[in-house]
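Use the sequences and the hints to build the structure in full.
As you go down the protein sequences, you meet chains Z and U in turn.
Under our numbering, the first residue of the first sequence carries the number 756, and numbering increases by one thereafter.
Under our numbering, the first residue of the second sequence carries the number 4, and numbering increases by one thereafter.
Calculated directly from the structure, the hints in this document are not laboratory data.
Each statement offered as a hint is correct.
Listed next, the stretches of chain Z that the computed footprint assigns to chain U, with coverage defined by at least 3 CB atoms under 8 angstroms from CB atoms of chain U: (1) 828-836; (2) 841-850; (3) 965-975; (4) 1046-1053.
Pulled from the structure, derived: some chain U residues nowhere near chain Z, Cβ distances all over 12 angstroms: (5) R41; (6) R45; (7) L65; (8) P105; (9) M114; (10) T117; (11) P182.
All residues carry an ideal CB built from backbone N, CA and C; glycine is no exception.
Residue strings, one per chain:
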Amino acid sequence: MTRKLTVLFLTSIVLLAILSACGLQPPGSSSTSSAGSSSSSNSPIVVGSKSFTENILIGNMMYDLLKANLKGVTVQNKSNLGGTMVPWNAIQSGQLDMYCEYTGTGLVDILKQPVVSNPDAAYQAVKDAYPTKFKIDWMQPLGFNDTYAIAVPASVAKQYNLKTISDLSSVASKLTFGAEPEYFSRPDGYPGLLKTYGLKFSGKKELNVGLKYQAVAGGQIQVIDVFSTDGNLIKYNLTVLDDDKHFFPPYYAAPIVREATLKAHPEVSAILNKMAGKLDNTSMQKLNYQVDVEHKSADDVAKQFLIAQGLLSA
Amino acid sequence: MNTSLPYVSMLTFQHLYLSVVGTLIGAAIGFALAVWARRRPRLANALIGIAEVIQTIPGIALLAFLLLAFGLGNGTLVVGLALYAILPVMQNTYEGLEGVDPVYMGIGKGMGMTRGQIFRQVELPLAFPVILTGLRVALVTSIGVATIGVFVGADGLGLLIYRGLQLIDTQVILAGAIPAGLLAILIEVILTLLERRLSRAASAR
Chain Z
756 MTRKLTVLFL TSIVLLAILS ACGLQPPGSS STSSAGSSSS SNSPIVVGSK SFTENILIGN
816 MMYDLLKANL KGVTVQNKSN LGGTMVPWNA IQSGQLDMYC EYTGTGLVDI LKQPVVSNPD
876 AAYQAVKDAY PTKFKIDWMQ PLGFNDTYAI AVPASVAKQY NLKTISDLSS VASKLTFGAE
936 PEYFSRPDGY PGLLKTYGLK FSGKKELNVG LKYQAVAGGQ IQVIDVFSTD GNLIKYNLTV
996 LDDDKHFFPP YYAAPIVREA TLKAHPEVSA ILNKMAGKLD NTSMQKLNYQ VDVEHKSADD
1056 VAKQFLIAQG LLSA
Chain U
4 MNTSLPYVSM LTFQHLYLSV VGTLIGAAIG FALAVWARRR PRLANALIGI AEVIQTIPGI
64 ALLAFLLLAF GLGNGTLVVG LALYAILPVM QNTYEGLEGV DPVYMGIGKG MGMTRGQIFR
124 QVELPLAFPV ILTGLRVALV TSIGVATIGV FVGADGLGLL IYRGLQLIDT QVILAGAIPA
184 GLLAILIEVI LTLLERRLSR AASAR
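Structure below.
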């Protein structure tokens, strides 16, 4: 009896190991479409997204549109990957074919060029540089400008009469600053902010996006960076301070795609550009709100938006 | 994030699948290494030493290293799970085989069995319960480590846990954490019962 079990045991190890070597695709994996196995002749197109709601939503939309309009190609959605560097490294190594990037991030964080305030000039700068430097193309912008901004609770703004970021310089020593880890290592982030505005905070805390808002509501930190289209801005009573020294570049969102992918599938460009100009700041913020505050599923919200825009059939 | 039953079930199945595949690959390697190191105590010590070092590396650190080498995806997670599965299976296989009373081997020799036959028909069955214990430990550990797989772009329940933490959404966090915990407990219980059954059967021979 035990001998049989032994043989069975060894055989199943060998079999499963061979099976798994044929492509690790657990049945019903959410990241593949229903069109066949991933180890077929057509290599899949992989959409990625950063680890915050807005980028996940856009990634979902890109995925939905490609899945619906690309024939005979498997599309995968690797959402919620991490900070900018994770999808950025992945797209350069070919593990991702595309994700949604922001012009300011491309300009200052990736190309390490100085801030350009004019939105069109900023877009043109990245559109020109990326193909030659990285063999990656920028699609048309989606419409909204999701810029970094600095915010404080309304009560704190009232207490110290804060309207602009410059107003912070006299009271910063009494306040703690909080932001997600990525913010502290970017030139358009914390270091640049301190330098441009001559600020010195009493302390700083690294917190993930969700915790950031809770910490400011709980009074543990007083100043945070926010994204201008954050859904949570509506919910928490925060005052966004005016960037009077124009420190932040424009951050217009657009998909970036590997040129190799566009060469193999030229239709991708037209499909993704269906979203061009379809999302302004208010509508993007509303979608973010549905996920972050109303806790709706990001898959559903993205799909519903595309259907409402007539870009996807119900 | 979707917390419907079909979606959570699918993630649970993915989680189990990846854990099992990773464990079995590591187990096969561990088993093979242990058999190779039989009656070579210095080699055995060296191999077990290396495996222990791998074991000590915290899960997320090991996965981070593997991410740099292999990039994102389920494959990276499986490599990590396999590495963690090597030690328990290798060590238990080695000790299980060493622990077989030489009397039995002598009996087999006396019956005219070849070395191979003795190994397959005498030593392995007797050592099996101990080996199975190693496999159990490896699998339960894998289920735990697989929750971190989300950071290397792998599937599984980690997706829900991580997303829930980002949104501070209790429902989403629990939808990921509870099945993961239950899965580990279930595997532990099932395999422990199987072990007991087999050791009773072995001693009854």
